[in-house]
Structures are given as structure tokens and as C-alpha cells.
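Colleague: Chain by chain, the residues run as shown.
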Amino acid sequence: MSNNPFYDPSLKHRHRSAYMLKLLSRLSILFTLGFLLFFLFDMVRTALPATWQAYVQVEVSYSERAKKFTRTAVPKEYRKVVSRAWLRNIPRQMEEDPGLLGTTQLLWVLADDQVDQYLKGHYHNLKEKEIAFIERLKTENTIKLDWNGVFFNNGDSKIPEYAGIRSAIVGSVLTMLVTMAIAFPIGVMTAVYLEEFAKDNAFTHFIEVNINNLAAIPSILFGLLGLSVFINLFGLPRSTPLVGGMTLALMTLPIIIVSARAALRSVPASIRQAGYGLGLTKLDIVKDHVVPIAMPGILTGSIIGLAQAIGETAPLIIIGMIAFIPDTPQSIVEAATVLPAQVFTWAGMPERAYVEKTAAGIIVILVILISLNATAIYLRKKYETKW
Amino acid sequence: MKLNGDTSQFKIVAENLNLHYGDNHALKAVDLAINEREITALIGPSGCGKSTFLRCLNRMNDLIDEVQIQGRVIVDGKNIYDKDVDEVAVRKRVGMVFQQPNPFPKSIFENITYAPLKHKLVKKGTEAESLVESSLKSAGLWSEVKDKLHSPGTSLSGGQQQRLCIARTIAVKPTVILMDEPTSALDPISTGVIEDLMMQLREKFTIVIVTHNMQQAARISDATAYFHLGELVETGTTEDLFANPKEKLTQDYIRGRFG
Ligand SMILES: Nc1ncnc2c1ncn2[C@@H]1O[C@H](COP(=O)(O)OP(=O)(O)O)[C@@H](O)[C@H]1O
Ligand SMILES: [Mg+2]
Chain B
1 MSNNPFYDPS LKHRHRSAYM LKLLSRLSIL FTLGFLLFFL FDMVRTALPA TWQAYVQVEV
61 SYSERAKKFT RTAVPKEYRK VVSRAWLRNI PRQMEEDPGL LGTTQLLWVL ADDQVDQYLK
121 GHYHNLKEKE IAFIERLKTE NTIKLDWNGV FFNNGDSKIP EYAGIRSAIV GSVLTMLVTM
181 AIAFPIGVMT AVYLEEFAKD NAFTHFIEVN INNLAAIPSI LFGLLGLSVF INLFGLPRST
241 PLVGGMTLAL MTLPIIIVSA RAALRSVPAS IRQAGYGLGL TKLDIVKDHV VPIAMPGILT
301 GSIIGLAQAI GETAPLIIIG MIAFIPDTPQ SIVEAATVLP AQVFTWAGMP ERAYVEKTAA
361 GIIVILVILI SLNATAIYLR KKYETKW
Chain L
1 MKLNGDTSQF KIVAENLNLH YGDNHALKAV DLAINEREIT ALIGPSGCGK STFLRCLNRM
61 NDLIDEVQIQ GRVIVDGKNI YDKDVDEVAV RKRVGMVFQQ PNPFPKSIFE NITYAPLKHK
121 LVKKGTEAES LVESSLKSAG LWSEVKDKLH SPGTSLSGGQ QQRLCIARTI AVKPTVILMD
181 EPTSALDPIS TGVIEDLMMQ LREKFTIVIV THNMQQAARI SDATAYFHLG ELVETGTTED
241 LFANPKEKLT QDYIRGRFG
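Chains as they are written, first to last, in my numbering: chain B, 1 to 387; chain L, 1 to 259.
Quick caveat, the hints were computed from the structure, so don't treat them as lab data.
The model shown is predicted, which means the values in this text are computed figures rather than measured ones.
Worth double-checking, as some hints may not be accurate.
As the list claims (entries may be wrong) - Which residues of chain L face chain B? A few of them, derived with a C-beta cut under 10 Å, are:
1. V85
2. E87
3. V88
4. P116
5. H119
Unchecked claim - Away from chain B, derived, C-beta distances all over 12 Å, residues of chain L:
6. D196
7. L197
8. E231
As the list claims (entries may be wrong) - A short list of chain B residues far from chain L (calculated; beta carbon distances all over 12 Å):
9. L21
10. W52
11. I131
12. M189
13. A274
14. Y276
15. L278
16. I363
17. E384
All C-beta atoms, glycine included, are put in the ideal place defined by N, C-alpha and C.
Bound conformation, chain B alone (with noise of 0.2 Å):
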């Protein structure tokens, strides 16, 4: 021992503080995963049954009398078990075609929540006779699960198997739209004239302050600010995507802004000495060398923004966006619903149908905000600068 000249007594206790110390790490970020991949787990489960649906096979008479009683279209032992809402269209159905008067047609219709709810094998509220008449259908094979492609086609409805993420999805898509064409553009030229033309005064450095604590304003308040400036003051049309892009707005800039700035600052300041070394003016530089350079970073901030703004949804309850949105929005300045807040209306529901759609609606936000991300990521690889 004496004679290794590296002995060092004290490094034996050093070494294992060191170890100690990377066990711990390694087991908070193991309880972070096991907790994240639980709650993914879990969603993932209770949404799978979401993707299929239960159809019955029936024969539908395109009656004069089908017309008023839409319930006399299929015959009476299916009543309980065919969807409301698909009885209720058979009148649109034969608008659209005439040619379906006074023909028989054997379909496969869509099911009644109850019955696919039974074969799924949750709980239900089925009385034995229709069990029963459920069993026999399911010998003939006239009874069966599909691929769900009502809750991708439809709006929000008040009839569980034929409610829908479509107005969700577009209502959120509309309302992001409008929160990008207003807060990227403000944000980016906020964010350039701070940084690169603004003098370094007690006015921008109060601005600046500002900026930074609007970020962290409770987004509730955003709602009561669009509620009382957007619908009351200027009039504009409640529950709209107008008012809660505009509302998002408001919440995105302050992160766009501070997102943009730091890119901007990161780029080199040897980059614009040589600008003004070429007798370049201060715009061409910042507009054709300081902003490009910026622009992955740019980007991957304001997507993270959107990404925000996706899930948000206090404020938008606020403006009204929460209301039941049957119809797929077709414009800005529609009554429209966006994916947290429908997701939180089917959270409310008695029915139990909802809570397989809930978590698939919570699946949807997740895939957007994934797929949001790694744009982010490929953005910032593909563009960023190689110096």
C-alpha cells in the first residue's frame, strides 16, 4: 500500500458520495417515467375501446310514415338497440336521395351506446329481453364491432354513440390559426425591435419587465381580459375562434417574445460587425442575416407557445368556447369548441360512453402536442446554422 505513490486515503469516501449521488438521479428520473408511463398506460387503456363502435345489421323501410316516425323504420324489436340519433336522420337521408321512398334497404346501422357499451363489457343499463335479443343477433352475426369513424366525423352530441372530436379538432385548428397570424408576427417584430433597435433606457428596460411578468399572468385572467375588451367592448362574436385566438394571442406573445429575443441575442455579434464593416445598413443585416439565423430558434419557441396555447383552456371557458358545438365550425366568427374544452364537457357527462371518449380526446391532445414537438425539434435540426 505505502509504496503506490497515487494512494489517496480520502478518495474511496469521495468516489462513493459520487455514486451516491448518481444512484439518487437515476431514481427520481425512473419515478418521473414510471409515473408518466402510467398515466400514458392508463389513457391509452380506457381510450382504446373509443376506436371501435357497435353496428347492428337491420333491414330500414323507407316508409312515408318512416318519415314522421322515424322510429317505425326499423322493425320494433330493434328500437332499443339502433342508434337515436341515426333514426333521427333517416328523414335527411331520403331528402338527399329520393329514390330511398318506399324502399327496404338491409344496412349496417349504428348501434345504440347501451349495446356497445354491453359489448365492450362495460357497465350498461340493458334490461334481460334486449340482452337477450342482443345474444341471438350476436349468433346471427348480425351484430358486430367496427372502426369507429363517427368520433373522427362528427360534432359534440348529447347521444354518446354519436358524439365526435371533428368540431373539437377544427374549432381548436381554427383558433390556433388565428393566435399564430396575430401573436408570431407581433411577437418576432416586438422581439427584433427590443433586441436590435431599442435604446438601452429605463423605458425598454420597463417594457421589458412588463413582457417578462406578463408570462407569468394566470391565463384565467387572459379569459376575463377577451371577455371584457373583445366581446363587450369591441363586440366582437362570443364563442368564437376569432375571440379565442385573439385571447390566446395575448398569452402566446409574451413567450414568443422572450423566446425570440434570447435567439436573437444568440446570434454572433461578428455577424453584424461584418454587416457594418461592408457599409450595410442596420435593417439589412437584422432582415437578411441576424433573423435568419434566428429563425430555428424563433420557431421552436413559438411552436412551444402554440403548444401552450393548444391545451389551454381556462380562459377559453371564459369566452364562451365551452358551449355544446354540434356543427363542424366553417369559419373564424362560428360558435366553436376546442379539444380541452370538449374534452372537459365529456368528463362532465352522466353516460358512461363518455369516459372512452374523454381519455381519446385526451389522446388526440397528446398526439398534437407530440407531433408539435418533434416539428419543433426537426425545425431547429434542419435549419439551425452549421458554423
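Given the coordinates of chain B, assemble chain L with the ligands onto it according to the supplied hints.
Modeller: Coordinates of chain L with the ligands only, in the frame set by chain B:
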């Protein structure tokens, strides 16, 4: 050259130039005349104001907050600090090359054409192409990059990047080129290449170079100015100044460095 009366034969004349960074008096009553088509070297210990003086010659100091400049800098007979002079126009005629090569993260071609196109010196197309060729040839870089004009300027080696920066400066057709320690970030071989290049450029341009390397000043410059703590201590032809420095400070500095 020290000033004595008539200054019209000089390319650049600084008269009683004082500069303050806030409270820091960085240039103290500097008088210096610079000949046309010569290389003038600015030497002196670190922090003595060489770069500050250099930046006064194309008004780059205007970009720094809290700077105050008094005195005159006359280029081609006109005080560039006059009210009717636009500093952007000054920098077009008095180009600058920096210590760290700083090509734009764009192609070699665009690095050269960007500013001339902005200044409307050339049109897009063949005019711009021949400007790229002539500038790169003047900077001794053409044969090395002619097959990869559209690859990024930042992909070149350090010495090549610096020559690209020189080519980019030449392309704007300045009459004066200011260089602030242009070789201090480069290896000896690239330094030699750039020194040779400067000797050639001297035929067309007036060059003012800041260097901390006195052998370099001795090798390439025609005139040398020695700065100390913001003051111009001594100036003269390089041969004279290195052989018989008149001031004690200059002697100490030159002896100290030459051993
Ligand atoms: N941008 C600046 N802002 C404030 N002070 C500066 C700035 N640049 C240089 N100085 C000061 O001016 C003095 C001269 O600096 P500089 O011209 O860079 O010296 P040199 O190039 O000879 O090493 C130094 O005291 C330095 O601290
Ligand atoms: Mg310097």
C-alpha cells in the same frame, strides 16, 4: 506621419481625436496622418486604444453606446464626422476585416455578392459572377474555391475564411481597408499567406492594420504608429521607428519584444 500644416497629400488624417467610453478616456488628442497605398501598422500594448482608433476611421465606434468622440477624421479631404456624412456610406468606402474570420453563414458566392448587390454596384447574373471571380482572385482564394462557390463560407478553414472576408470587403470597392489583428486567430502558414496578400493589396488600397505582432509590423508595413495608454507616442516610417525609436516608451516596447 506627424502633422505639420498642409495635410492634403494624405489619404486619412486624424486631428486632435479624443474618444471617451463613458468615463474612460480611451484616445487622447491623437494626430495621425496615413499615406495612400501604404500599409500603416498600429502597435502598442494591449488596451492602449489601437482597435478604438481603427474603429474611428470608419465610424464603427458609433455603434457602441456611451461613446463620445471629439476631433476630426479626414478621409479624402472630408471630415467623416461632419453632420452631412452618413456613416453607412463611410463604411462602404472604408472597409473592415476583423480578428475572428466572420463569414456570413451563407454560400461563398453570397458572402461576396450580398453587399455589392445591396449597394447596386453590380446586377445579378454575369456581372455578379465576374465580381465573385475577380474578388476571390484578388484575395488569392479563387483556385481553392472555384469548384465550390455554393458551399457555405463557414465550411472553409480559418485562413481561407479570413481571405473570404477580405474578398468580401474588396468586392464593395473600398479605397481603404482596416484590419484589426487579422491573423492573430490563424496558424503561421495562413498568416504568411495573408501577409503576402496584403503586400499585393497595397498596390490598390490604403491599408491600416492593428497588430500585436511586431515582426509582422516590421515585415509588411511602410509606416508604424506606436500607441500607449490612449496616446499616440511615436509615428514614422517602419524602418526608422524600429531602427531608431526616439521616445523612451517606444524603445522599451520594441526592445522588450525583440529581446
Ligand atoms: N466597446 C467598448 N466599451 C467600453 N470600453 C471599451 C470598449 N472597447 C474598448 N474599450 C476600452 O478602451 C481601451 C482601449 O481598448 P482597445 O482599443 O480595444 O485596445 P487595443 O485594441 O489596443 O488592445 C481599453 O481600456 C478598453 O477597456
Ligand atoms: Mg484590439
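Colleague: Against chain L, does L278 (chain B) hold up as non-interface, every C-beta pair farther apart than 12 Å?
Modeller: At roughly 4 Å from the nearest Cβ of chain L, L278 (chain B) sits no farther out than 12 Å, so the non-interface label is violated.
Colleague: Quick one: work out the minimum CB distance from L21 (chain B) to chain L and report holds if it exceeds 12 Å, violated otherwise.
Modeller: holds (39 Å)
Colleague: Against chain L, does E384 (chain B) keep a CB gap of more than 12 Å to every residue?
Modeller: With a cut-off of 12 Å, E384 (chain B) comes too close to chain L, as the shortest Cβ separation is near 10 Å.
Colleague: Is the shortest C-beta separation between V88 (chain L) and chain B less than 10 Å?
Modeller: holds (5 Å)
Colleague: Hey, does the V85 (chain L) contact hint survive, CB to chain B under 10 Å?
Modeller: This interface hint is violated because 13 Å lies over the 10 Å limit.
Colleague: If I take the minimum Cβ distance from I363 (chain B) to any residue of chain L, is it greater than 12 Å?
Modeller: holds (40 Å)
Colleague: Could you check that no beta carbon of chain L comes within 12 Å of the beta carbon of A274 (chain B)?
Modeller: Answer for A274 (chain B): violated, closest chain L Cβ roughly 4 Å.
Colleague: With 12 Å as the threshold, tell me whether W52 (chain B) passes as away from chain L on beta-carbon distances.
Modeller: Nearest chain L Cβ is 52 Å from W52 (chain B), so the label holds.
Colleague: Run the C-beta distances from E231 (chain L) to all of chain B and say if the shortest one exceeds 12 Å.
Modeller: Correct as stated: the minimum Cβ-Cβ distance to chain B is 26 Å, above 12 Å.
Colleague: Can the hint on H119 (chain L) be confirmed by a CB-to-CB distance to chain B that is less than 10 Å?
Modeller: Hint holds; H119 (chain L) Cβ to chain B Cβ min 7 Å, cut 10 Å.
Colleague: Does Y276 (chain B) really sit off the interface, with its C-beta more than 12 Å from all C-beta atoms of chain L?
Modeller: The assertion about Y276 (chain B) is violated, with a minimum of 6 Å to chain L.
Colleague: Taking the minimum C-beta separation from M189 (chain B) to chain L, is that value above 12 Å?
Modeller: It holds; M189 (chain B) is separated from chain L by about 22 Å at its closest Cβ, greater than 12 Å.
Checked against the numbered hints given earlier, the structure breaks hints 1, 13, 14, 15, 17 and satisfies all the rest.
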